[in-house]
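Participant: Given next are the chains, with one letter for each unit.
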Amino acid sequence: MAILEIKNVGKRFGGLQALGDVNLSVAENTVHAIIGPNGAGKSTLLNCLVGKLIPDTGSVTFQGQSLLGRKPHEINQMGVSRVFQTPEIFADLTVMENIMIPCFAHRDGSFKMNAFAAVRGQGDIKDQAEAILDDVNMLEKRDMHAASLSRGDKRRLEMAMCLVQEPKLLLLDEPTAGMARADTNNTIDLLKEIKEKRDITMAIIEHDMHVVFSMAERITVLAQGTPLVEDTPDNIKGHPKVREAYLGEAQV
Amino acid sequence: MFGLTAKNTRLLFLVIFLVAFAPFLMNPFPADSAMAQFNAGYPDLMQRFVIFGIFAIGFNILFGLTGYLSFGHAAFLGVGSYAGVWMFKLLGMNVIPAIAASVLVAGLLSVVIGYICLRRSGIYFSILTLAFAQMMFALAASVLTPITGGETGLTLSLSDPRILGAAAVDGNIPVPSFFGLEMRSTYELAVGGWSFSFNTGYYFCAIIMVLAFYASIRIFQSPFGLMLRAIKTNQTRLNYTGLNSRPYTLAAFVISGMYAGLAGGLMVAMDPLAGAERMFWTASGEVVIMTILGGAGTMIGPVLGAGAIKYMENIVSKINKAVLEQWFAFMPDGMEKAFVTVFDMFTGKGWHLTLGVVFMLVIIFLPGGLVEGGQRIKGLFSRKKAQDTPSDAAKTPAE
Amino acid sequence: MEAIVLQLLSGLDGGSAYALIALGLTLIFGTLGVVNFAHGALFMIGSFCTVVLQRILSSSYTIIDESQKDFLGNPLKVQVPYMQDWFGEAASASIIDWSVPLAIIFAIPVMLVIGIVMERGLIKHFYKRPHADQILVTFGLAIVLQEIIKYFFGANPIPAPAPDAFKGSFDFGQLLGFEANRIIYPYWRLVYFGFAALIITGVFAFLQFTTFGMVVRAGMADRETVGLLGIDIDKRFTMMFGLAAVVAGLAGVMYTPINSPNYHMGMDFLVISFVVVVVGGMGSLPGAVLAGFVLGILQSFASMREVIEFLPGINQVVIYLAAIVILLTRPRGLLGKRGVMED
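Note that the protein sequences, when read in sequence, are chains L, F and V. Under the working numbering, the residue at position 184 of the first sequence is numbered 184, and the numbers go up by one with no gaps. Under the working numbering, the residue at position 133 of the second sequence is numbered 133, and the numbers go up by one with no gaps. Under the working numbering, the residue at position 211 of the third sequence is numbered 211, and the numbers go up by one with no gaps.
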């Protein structure tokens with residue numbers, strides 16, 4: 001069953017057709033990768049899913065509900081979380097505070113005027129936050145400033161912040177961009193572990209074929225704003241159209 | 001205690017101590033000594049300390065927590081003042097309805113202005129708030145004269161109705177009071193060469209400031225406060241975490257607008273007249289300076305900043321050329337002249353120059369304000385004491 | 001019809017000043033990315049350049065003239081400007097008379113130095129700090145500059161009249177075929193408008209046709225890329241700050257006959273100039289100029305008696321109202337580029 005359904009989505013920026021006519025469906029509990037050369041429209045597509053951009057044409061439905069016209073925070077509350085290319089965390093706050101914010105968002109919704117209760121007094125939130133920090137092996141760093149974390153830890157923290165909201169769909173925007181091989185492998189392991197532990201669907205936008213082929217169950221190849229092929233990793237590997245699209249890029 | 005952490009309770013008690021004993025602390029020098037000009041224990045000056053303290057505490061809830069720099073907060077203070085005077089005119093001289101009306105009117109206005117201005121952030125937000133405040137200033141000084149008294153200001157008159165109180169007392173306009181307790185009444189205590197004034201109005205304001213400070217601590221340590229700090233550090237992440245930043249910033253804006261209204265109301269409760277110049281954008285700039293000088297985003301910073309600025313304004317501006325000449329009289333003639341000339345630039349009428357220079361130095365070298373300065377000094381000492389254990393003071397966030 | 005022409009004209013000189021200040025603000029924001037709250041102070045310092053030059057030119061020594069007696073019969077003390085000794089009476093009188101335009105020559109190097117010192121000494125250190133810090137430190141600087149001027153020149157406005165040749169008014173109505181004396185316009189305001197037009201054209205030509213300007217324009221579009229090309233963009237940006245200071249200063253120099261220099265005029269103009277920049281579009285030079293004139297004219301129309309009777313107080317608030325409407329409906333301003341501080 002498809003958890004995310006993208007139908008005939010198109011987006012223009014002035015004279016540039018960033019997305020042509022994208023049809024894509026992501027099945028529940030799968031890892032679906034969207035790959036493509038630079039400028040293929042991957043990021044534009046992602047931004048159309050999370051409410052940052054509104055497509056000119058077409059429809060995007062998540063669990064049967066339309067996502068179009070909704071704000072990012074509304075889409076998040078529906079169960080869609082996003083991991084950014086460079087980890088977006090609350091750099092000035094401590095690790096614990098970082099993780100408590102999504103806990104509050106999960107419990108209280110998008111706004112609650114909770115101005116006279118003390119953060120310390122929220123036992124359930126604290127337990128939940130500590131549990132997830134323990135899960136990603138960051139409990140001993142709970143009082144550190146997020147800004148002083150290593151890049152790998154920032155990535156883990158961001159993932160933990162997303163997971164604590166128990167999203168049904170996790171969107172990952174080049175989660176290993178700019179990472180060394182060892183870090184990349186760690187991230188792959190982390191993602192695999194996450195996938196094993198819970199019912200979650202992942203849509204990954206990725207450049208690095210190593211990441212894609214070690215995780216993805218379905219792959220969609222995007223080129224010049226339209227999907228070229230969609231298939232299993234094994235079939236994608238030797239596909240002539242894919243080679244064509246990547247000509248001049250890193251060899252598949 | 002009171003639902004606060006031990007550290008914040010200490011902070012609260014520190015503030016209570018400071019304001020309760022201000023009449024002594026501010027008058028450390030005997031009344032007839034040469035140093036008496038550094039005394040600041042006059043009722044009206046002490047009132048201003050705490051009233052501007054409230055204004056800055058409120059401003060800090062917006063700027064310190066969310067990072068939204070408003071350049072128009074004086075508008076709320078001004079509107080609060082007008083509302084307070086009108087209550088005196090219509091209802092009577094009890095300060096409670098006046099202050100309640102000030103807070104309410106400023107709150108309503110900040111809902112409207114905040115709703116519009118918060119659709120933008122960064123410098124655009126600053127300019128929008130500035131534009132609104134200037135607009136209100138211009139209107140108050142001109143077309144709205146029937147309501148605001150125009151450039152001369154809004155004052156009480158004998159012909160005011162005052163339906164709940166006496167319209168006149170002994171043929172004079174009655175004075176503001178708290179259920180009969182007159183705000184201006186002062187008890188003078190003379191001990192040896194010292195004299196101390198205990199003013200009802202001051203203590204009234206001081207109690208309200210302590211309450212306002214307590215409320216601000218509660219907000220700082222609440223989930224709401226955490227969300228506001230999150231907005232300052234990364235609004236994108238906040239939105240993608242399923243939180244709607246707009247109502248949070250609007251709530252912070254309205255709360256700080258109400259604090260400004262409260263300050264305006266207390267101002268007229270101490271001295272029942274209101275003028276448009278209170279809304280001029282330099283007045284908004286002043287509260288920005290206070291908050292930053294003390295330490296934006298810290299709890300006690302704004303209180304310290306407001307005190308420091310108001311002290312400077314009153315004391316530095318009193319040091320005129322004659323005083324300087326007296327100070328430097330021991331020097332050789334030419335040297336004395338040079339010193340007097342240089343210092344004269346910064347004192348007396350030139351105190352704004354001192355203000356500007358201090359403010360610039362703080363922004364450049366001490367962005368965390370006086371609180372950061374205090375922490376650095378503390379860090380310096382504790383490092384000397386225990387050289388091998390690395391100090392945590394530099395790492396922990398300013399509180 | 002006459003009224004409309006008259007308002008259009010009287011909007012032009014106010015608009016010229018707004019446009020010039022906004023142009024400098026935009027140059028600084030566009031190239032350096034700095035929001036300069038001290039720009040109004042530069043305008044004010046420009047005005048005081050005129051005052052300083054006027055004082056230098058008319059500096060004099062005292063002689064005792066035995067041929068003239070005061071009412072007590074003592075010889076009269078007479079102030080003789082040094083200029084008179086050097087150039088003779090007639091020439092020195094006309095030099096002093098022309099001190100406002102002469103101040104242009106005096107103000108250019110002064111403002112250039114002030115601008116460069118400001119950038120190297122202070123602004124440079126704030127490129128990487130948040131916009132709020134930039135606003136705050138330049139706000140502090142504005143207070144300091146204004147207070148220094150106040151200390152040396154006092155709190156009262158100092159008149160600096162236009163040369164005699166430009167006193168009086170020009171009968172515009174007659175030129176356009178209206179009755180005489182219906183649409184008159186002071187000569188100096190005409191001069192100011194022409195001067196502003198000249199400066200604006202000059203700045204645009206400079207940016208358009210010189211290599212320096214080309215690099216700066218490229219830097220405005222994408223600072224990092226230009227830096228990667230190995231062009232020393234920082235030095236050019238310093239010069240740009242100097243240029244912006246000169247533009248603001250000259251706007252102030254020529255404005256003195258319209259508005260006698262006083263220490264707080266910078267702040268007065270600054271608030272409006274920011275509004276102008278925002279309406280025109282942050283970082284858009286043509287936008288700043290256009291918005292300057294549009295708002296100047298708008299304000300002048302709002303001051304018409306018929307309009308004020310209909311909407312009391314509108315003349316006081318029309319500029320701010322325009323800014324609020326623009327910011328809410330078209331946040332990037334009239335001619336602003338997409339994506340420049342749009343949120």
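Read the hints as simulated data drawn from the structure, not as lab findings. All residues carry an ideal CB built from backbone N, CA and C; glycine is no exception. Some hints here could point you the wrong way.
Said to hold, decoys possible - Anything over 10 angstroms on all C-beta distances counts as not near chain F; from chain V, calculated:
(1) 68
(2) 85
(3) 98
(4) 125
(5) 127
(6) 144
(7) 146
(8) 179
(9) 214
(10) 235
(11) 310
Stated by the list, open to error - Reference listing, derived: stretches of chain F covered by chain V, where coverage requires no fewer than 3 residues with Cβ under 8 angstroms from a Cβ of chain V:
(12) 144-154
(13) 277-287
(14) 308-314
(15) 360-374
Participant: Each hint should be assessed against the structure and marked as holding or not.
Facilitator: Now for the hints, and whether the structure bears them out:
1. Every CB of chain F lies more than 10 angstroms from the CB of residue 68 of chain V, the least distance being 36 angstroms, so the non-interface label holds.
2. No beta-carbon of chain F comes within 10 angstroms of the beta-carbon of residue 85 of chain V; the shortest separation is about 31 angstroms.
3. With 10 angstroms as the threshold on Cβ separation, the claim that residue 98 of chain V sits away from chain F holds: the shortest Cβ distance comes to roughly 33 angstroms.
4. Against chain F, the non-interface label of residue 125 of chain V is violated: not every CB pair exceeds 10 angstroms, the least being about 7 angstroms.
5. Separation of residue 127 of chain V from chain F is adequate, the least Cβ-Cβ distance of about 14 angstroms exceeding the 10 angstroms criterion.
6. With a closest Cβ-Cβ approach of about 4 angstroms to chain F, residue 144 of chain V is found to fall inside the 10 angstroms limit, against its non-interface label.
7. Under the 10 angstroms C-beta cut-off, the non-interface status given to residue 146 of chain V relative to chain F is violated; the minimum distance is some 8 angstroms.
8. For residue 179 of chain V, the condition that its CB be more than 10 angstroms from all CB atoms of chain F holds, with the nearest at approximately 33 angstroms.
9. No Cβ of chain F comes within 10 angstroms of the Cβ of residue 214 of chain V; the nearest lies about 28 angstroms off, and the non-interface call holds.
10. For residue 235 of chain V, the shortest C-beta to C-beta distance to chain F comes to about 23 angstroms, beyond the 10 angstroms cut-off, and the non-interface label holds.
11. Residue-level check passed: residue 310 of chain V sits 12 angstroms from the nearest beta carbon of chain F, beyond 10 angstroms.
12. Requiring three or more residues with a Cβ within less than 8 angstroms of a Cβ of chain V, the coverage given for the stretch 144-154 of chain F is violated, as only 1 such residues are present.
13. Evaluation of the coverage hint for the stretch 277-287 of chain F: fulfilled, as 3 residues show C-beta separations to chain V shorter than 8 angstroms, against a requirement of three.
14. With a threshold of 8 angstroms between beta carbons, the proposed coverage of the stretch 308-314 of chain F by chain V is violated, since 0 of its residues qualify and at least three are required.
15. With 4 residues having a Cβ less than 8 angstroms from any Cβ of chain V, the stretch 360-374 of chain F passes the three-residue criterion, so the hint holds.
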